[in-house]
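Q: The numbers in the sequence shown follow UniProt numbering, run straight up by one, and end at 475.
These are calculated hints, taken from the structure and not from any lab test. Where a beta carbon is used, it is the ideal one built from N, C-alpha and C, also for glycine. Fair warning: there could be bad hints in the mix.
Stated by the list, open to error - List time: in silico DSS-like cross-link candidates among lysine-lysine, alpha-carbon distance up to 25 Å:
#, residue 1, residue 2
1, Lys337, Lys284
2, Lys348, Lys336
3, Lys337, Lys374
4, Lys245, Lys336
5, Lys323, Lys336
Claimed, not checked - Each pair of labels, with its calculated beta carbon distance range:
#, residue 1, residue 2, range
6, Ser181, Phe353, 48 to 56 Å
7, Gln175, Gly368, 43 to 51 Å
8, Asn207, Lys241, 23 to 31 Å
9, Glu63, Val120, 17 to 25 Å
10, Glu174, Ala395, 40 to 48 Å
11, His349, Arg178, 53 to 61 Å
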Amino acid sequence: MNQQLITSRRVSSRTVQFSSLMQTSNCSNRRSARRDMETSSSSSTLTNGGQWRAEEAVAGNWEALRALRELITSPLLYSRESRKLGLKWPRGLLLYGPPGTGKTSLVRAVVRECGAHLIVLSPHSVHRAHAGESERILREAFAEASSHAKLGKPSVIFIDEIDAICPRRDSRREQDIRLASQLFMLMDSNKSSSTSTSHVVVVASTNRVDAIDPALRRSGRFDTEIEVTTPSEAERFQILKLYTKRLSLDPDVNLQSLAAACNGYVGADLEALCREAALSALRKSSDGDLGGKICNITVDDFKHARSIVGPSITRGVTVEIPKVSWEDIGGLYELKKKLQQAVEWPLKHSSAFSRLGVSPIRGILLHGPPGCSKTTLAKAAGHAAQASFFSLSGAELFSMYVGEGEALLRNTFRRARLAAPSIIFFDEADVVAARRGGSSSGSTTVGERLLSTLLTEMDGLEQAKVSTTIITLRL
Numbered sequence: 001m002n003q004q005l006i007t008s009r010r011v012s013s014r015t016v017q018f019s020s021l022m023q024t025s026n027c028s029n030r031r032s033a034r035r036d037m038e039t040s041s042s043s044s045t046l047t048n049g050g051q052w053r054a055e056e057a058v059a060g061n062w063e064a065l066r067a068l069r070e071l072i073t074s075p076l077l078y079s080r081e082s083r084k085l086g087l088k089w090p091r092g093l094l095l096y097g098p099p100g101t102g103k104t105s106l107v108r109a110v111v112r113e114c115g116a117h118l119i120v121l122s123p124h125s126v127h128r129a130h131a132g133e134s135e136r137i138l139r140e141a142f143a144e145a146s147s148h149a150k151l152g153k154p155s156v157i158f159i160d161e162i163d164a165i166c167p168r169r170d171s172r173r174e175q176d177i178r179l180a181s182q183l184f185m186l187m188d189s190n191k192s193s194s195t196s197t198s199h200v201v202v203v204a205s206t207n208r209v210d211a212i213d214p215a216l217r218r219s220g221r222f223d224t225e226i227e228v229t230t231p232s233e234a235e236r237f238q239i240l241k242l243y244t245k246r247l248s249l250d251p252d253v254n255l256q257s258l259a260a261a262c263n264g265y266v267g268a269d270l271e272a273l274c275r276e277a278a279l280s281a282l283r284k285s286s287d288g289d290l291g292g293k294i295c296n297i298t299v300d301d302f303k304h305a306r307s308i309v310g311p312s313i314t315r316g317v318t319v320e321i322p323k324v325s326w327e328d329i330g331g332l333y334e335l336k337k338k339l340q341q342a343v344e345w346p347l348k349h350s351s352a353f354s355r356l357g358v359s360p361i362r363g364i365l366l367h368g369p370p371g372c373s374k375t376t377l378a379k380a381a382g383h384a385a386q387a388s389f390f391s392l393s394g395a396e397l398f399s400m401y402v403g404e405g406e407a408l409l410r411n412t413f414r415r416a417r418l419a420a421p422s423i424i425f426f427d428e429a430d431v432v433a434a435r436r437g438g439s440s441s442g443s444t445t446v447g448e449r450l451l452s453t454l455l456t457e458m459d460g461l462e463q464a465k466v467s468t469t470i471i472t473l474r475l
């Protein structure tokens, strides 16, 4: 990896920000920076001379971006102040979140921006068949990082999928125990001191934060934990701008509207969406022969891409946006108006709800005899709100294995939160939400356990844009 180094400048005030070091004031400073890179001066510090920023490669995840920058740069920017105050800087950062949210890309972009030395460890590169080889790879990685740090060059050790390298103790093999003990020892020896000039940062990522050893998450090892979750609408817009900046878009393409329609899409999904839209435009251009003309990507290309590329976090769960409108349902005007107020208004007028301090409705109970359009009404509400639609029935939740129905219920709510705004539709909910105390033996029945899980999950919907619609046939 290319290491970009310039001569260290004296920091006269603690209020100096990192962004001020990303620019060079004149040509002489740039010549000095190039000269220092060629000589690898030991008095160099970290910057990129204002030539490249991490935002050119990643978008969104601003909190993780800021934390990672501070973790790498602060010990060097404020080295004199830390020695004076006896301050020990944190050396570990844990990034966790669903797959495809950009954890690995974020680390690589920030390391490139800062000109630090990067060492990547993954389960594939660490795990070996013979005893002792995996521990040796870890020791060599930390030794390499320390040798670069002693020369005044910050080093970053990035451990990808750390849950596979250091799982929980109750599920580990003997090899995993030895590997975890070695990692604990190396991280403990990497503790910073106020007089140390070396700087090694350990960053780890995982999709399952609860699957790693709790000993890693204590203070002194991974001091900071940041969740890299699904991007918001504003972050999706920035990601789409990043991936389409080199594409020729039709003037009718509105990226803001596209970002609003891509609920639950992560960065990898949006990249695949743009790629599929570009391929669709190429296919329409007479078998890819453009004849020297620029291939514009239209709204129809993105619609076709959305039909192929969906949110990865909802795979394995029935999720859709129903193609049923209010006009498809005759009559029931008063009921449709109430559903519009309960489902559509909180999503389309969220700013007004926040300004007035009105809490949106999280649960809707529809009841009536069979054939009175309860299911169709719920689907029409989901289509009008353009929300992800999760469908479950009472029969799907009952299983011969203990806890499987509760796990399916929790997983559906978790994915609905990630794909928000969304609607969870329960058909024949009276099977699950029956009266308690129906068991003559006094033991907890399957229905009671499912009901307890359902109530717990519904109580956690205050912060998520999830509207739960429950359909029942009997009260």
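Q: State for each hint whether it applies.
A: Structure-based check of all given hints:
1. Lys337 <-> Lys284: violated (43 Å)
2. Lys348 <-> Lys336: holds (16 Å)
3. Lys337 <-> Lys374: holds (14 Å)
4. Lys245 <-> Lys336: violated (42 Å)
5. Lys323 <-> Lys336: holds (16 Å)
6. Ser181 <-> Phe353: 48 to 56 Å: Hint holds: Cβ distance 52 Å, inside 48 to 56 Å.
7. Gln175 <-> Gly368: 43 to 51 Å: violated (60 Å)
8. Asn207 <-> Lys241: 23 to 31 Å: With a Cβ separation near 26 Å, Asn207 and Lys241 satisfy 23 to 31 Å, so the hint holds.
9. Glu63 <-> Val120: 17 to 25 Å: holds (23 Å)
10. Glu174 <-> Ala395: 40 to 48 Å: Cβ of Glu174 to Cβ of Ala395: about 44 Å, so the range 40 to 48 Å holds.
11. His349 <-> Arg178: 53 to 61 Å: The hint (53 to 61 Å, Cβ to Cβ) holds, given that His349 and Arg178 are roughly 58 Å apart.
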